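Participant: Sequence:
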Amino acid sequence: MGNRESSTKEEDGKQHQNDHLPPLYRYVDMHGGGELLPWIRYAKNSGDYSIIDEFLDTKIKDFMYNSGKGKMVAVAELVKIRNKERNAMLSALKRKKGKGKSGPNILDDFNQEGENQGDLKKALKLLEGGGRRGEADSKYREVAWKLDERGNMGENLVGVCLLQGTAVHNQLARRLITTYPKLVNDIFISENYYGLSPLHQAIINEDPAMVNFLLQQGANINQRCYGASFCPDDQKSSRTDSLEHEYVELSQKTSYSGRMYFGEYPLSFATCINQTDCFRLLIAKRADPNQKDTNGNTVLHLAVIHEQPEMIKLSYNMGAKLQITNNQNLTPLTLAAHLAKKEVQLPSFATKDYQDRSLVWVFIYVISMQLCQTFHS
Numbered sequence: 001m002g003n004r005e006s007s008t009k010e011e012d013g014k015q016h017q018n019d020h021l022p023p024l025y026r027y028v029d030m031h032g033g034g035e036l037l038p039w040i041r042y043a044k045n046s047g048d049y050s051i052i053d054e055f056l057d058t059k060i061k062d063f064m065y066n067s068g069k070g071k072m073v074a075v076a077e078l079v080k081i082r083n084k085e086r087n088a089m090l091s092a093l094k095r096k097k098g099k100g101k102s103g104p105n106i107l108d109d110f111n112q113e114g115e116n117q118g119d120l121k122k123a124l125k126l127l128e129g130g131g132r133r134g135e136a137d138s139k140y141r142e143v144a145w146k147l148d149e150r151g152n153m154g155e156n157l158v159g160v161c162l163l164q165g166t167a168v169h170n171q172l173a174r175r176l177i178t179t180y181p182k183l184v185n186d187i188f189i190s191e192n193y194y195g196l197s198p199l200h201q202a203i204i205n206e207d208p209a210m211v212n213f214l215l216q217q218g219a220n221i222n223q224r225c226y227g228a229s230f231c232p233d234d235q236k237s238s239r240t241d242s243l244e245h246e247y248v249e250l251s252q253k254t255s256y257s258g259r260m261y262f263g264e265y266p267l268s269f270a271t272c273i274n275q276t277d278c279f280r281l282l283i284a285k286r287a288d289p290n291q292k293d294t295n296g297n298t299v300l301h302l303a304v305i306h307e308q309p310e311m312i313k314l315s316y317n318m319g320a321k322l323q324i325t326n327n328q329n330l331t332p333l334t335l336a337a338h339l340a341k342k343e344v345q346l347p348s349f350a351t352k353d354y355q356d357r358s359l360v361w362v363f364i365y366v367i368s369m370q371l372c373q374t375f376h377s
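When we follow my numbering, the leftmost residue of the sequence shown carries the number 1, and every step to the right adds one.
Treat the hints as calculated values from the structure; they're not laboratory data.
Here are the simulated lysine-lysine pairs, DSSO-like style, with alpha carbons at most 27 Å apart:
1. LYS71 x LYS84
2. LYS253 x LYS80
3. LYS321 x LYS285
4. LYS253 x LYS292
5. LYS285 x LYS313
6. LYS44 x LYS61
Here are the computed distance ranges between Cβ atoms for each label pair:
7. ASP48 x GLY296: 50 to 58 Å
8. GLU307 x HIS20: 39 to 47 Å
9. ALA340 x THR179: 45 to 53 Å
10. ALA88 x THR325: 36 to 44 Å
11. HIS31 x ARG286: 33 to 41 Å
12. MET89 x LEU21: 18 to 26 Å
13. ASP137 x ARG41: 41 to 49 Å
14. ARG286 x GLU244: 22 to 30 Å
15. SER238 x THR166: 34 to 42 Å
16. ARG280 x ILE51: 34 to 42 Å
17. ARG280 x GLN217: 14 to 22 Å
18. PRO38 x ASP62: 19 to 27 Å
19. THR334 x GLU54: 54 to 62 Å
20. PRO38 x ALA340: 47 to 55 Å
Computed from a prediction, not measured in an experiment: that's the story for all the values here.
For every residue, glycine included, the Cβ atom is placed at its ideal position computed from N, Cα and C.
Build the full structure now, drawing on both the sequences and the hints.
Facilitator: Encoded structure:
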């Protein structure tokens, strides 16, 4: 009798706990379960996807704007969500309100439920100068998954699947994106993971096959991840927002320390994690190795920071430039000296072309630094 009562109380406790979880975890949870998992396994084994497709159409569609077609959201509104979450984690003395003015939200005057979504996107692009200002300065972002139906990390169901990263979860992620293509570029919106996309997640999972799939589905190679979890440790306390742009403002004083400081761009993530196949796939899609993150670091800077000699060589061979300086006016070479990175072998590829003066200089300078370090040790 006692055991039965104990078991009943335990089940009631679990049910009470589940009642407080975001609803999407009912379908895929963080522990390998969820209502969709048996059906995707059945589909994978039998080749019959009719049941899982019906499930996605009847149950999952309601979690998204316009039945999966998405809608445009003002970046200022997303920044407010991020800022509110950050301040909730800080003490009252450290809270910082977002700076700047968001301006009028012209989306309030549009009905986004109809078929005019494409026309609205074109109009917004024209209002923002035809896209010349770049994505980081855009005032609007297309969002597929409803903002109030997300998980604890600001993720959608694809994000949950890729956090698990198993074969069956990956299969479900593919099915979700195939069914609802807008999900391929739907990002995490929380303070810690803001901007994390399925493409970033696939790179973190060291999964070139998934990276290739996402690129074929139109994944944005320039999506930037501004989350605090991917920020240098000594910059986290300085994070502030402006309602006038999406990126996070940071103190420029940093040593770049942080196990997960990966440089925001998918190509930078691949560099830091030493994923050569993912790097090549992104380059094939014209990812730019000389793009700078908020700290002004390119893939070469990041390869130095994370001591990835093979990625230094690959990045250089793929067009990364040695002379670009970051926000502290450091080139990849001077950054290596500044951080005393003994393991970074910048001259490993210098012997290939002694006619290139910059490479000769790299070779001489690094050898000199190594001699100095040996002398002082």
